[in-house]
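Engineer: Sequence:
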Amino acid sequence: MNPKNLLFTALVSLTACTSPLASAANLLTLDFNGESASLPALDSFSSHAKVKTSHVIGADGTIDTFRGSRSGAATLAVDASTAPAAWSAGLRTPLVAQQNTEASQAKLTLAFDLSASLPRPVRVRVASFGADRKRTGGLEGWVYPPVAVSFYRHSLDLSAMIAWEGKFEPLAPFIQISWEIGSDAPQPWPNASAQFIRVDNVSLAAPSFYVATTGSDKADGRTEATAFQTIGRGVAAAGAGDT
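Here the sequence shown stands for residues 0 to 242, numbered as in numbering that gives the first Met the number 0.
Note that these hints are calculated values from the structure, not bench results. Some clues are possibly wrong.
Think about it this way: if two alpha-carbon atoms lie no more than 30 angstroms apart in a straight line, the pair counts; the simulated DSS-like pairs of lysine-lysine are [stated by the list, open to error]:
(1) K49 x K106
(2) K166 x K133
(3) K106 x K166
(4) K106 x K133
(5) K133 x K217
(6) K133 x K51
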């Protein structure tokens, strides 16, 4: 492993928010807490009129021990009981403005907590949009919930995702993220009712700190040229959501 490419994620809770946030590292943060009217307008969609979908933001998320109650999450409900043999349905964010200066997809990570009614693969897509709000292209990948209903954290390096309809532009002014289930999954979802996925704590992040064996713990760790030498020094410097 090239030590210059070593990234780590601080396993600490994300700062609560009710709308898309961005910081030095987090290009997008969504935790779906707060009043529904303050949250971004999510959308549900399907490939066929016989696939019924609905979506809601409610107290169905990961447990927040500080709050003492279950946190908010975005839920997609799907009824595919009368769907044709080939079908899909999904949940997507609106176009979200970003101010990203990191052009390397290898240094961009999408992470989120996901719960599904069945342990079946979920397709994840990230699309880029120009200033005219027209899509330039996208990336897609699959995540695999290990069990039903429970939340698990998933992370996708954008460089490991495959191209989807055009060229993804990491520096584009707008992005959109979607989660999709369907019959074309590597392990197909059945034609059944009462299926769902829930999403919480979404983060698209660029590196906050770098670590390299050739670095120095007296450096600031902010660039590859000024990397820390030890992961411990990076962990000590990292804050909520830092990578």
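Engineer: So which of the earlier hints does this model not fit?
Structural biologist: 1, 5
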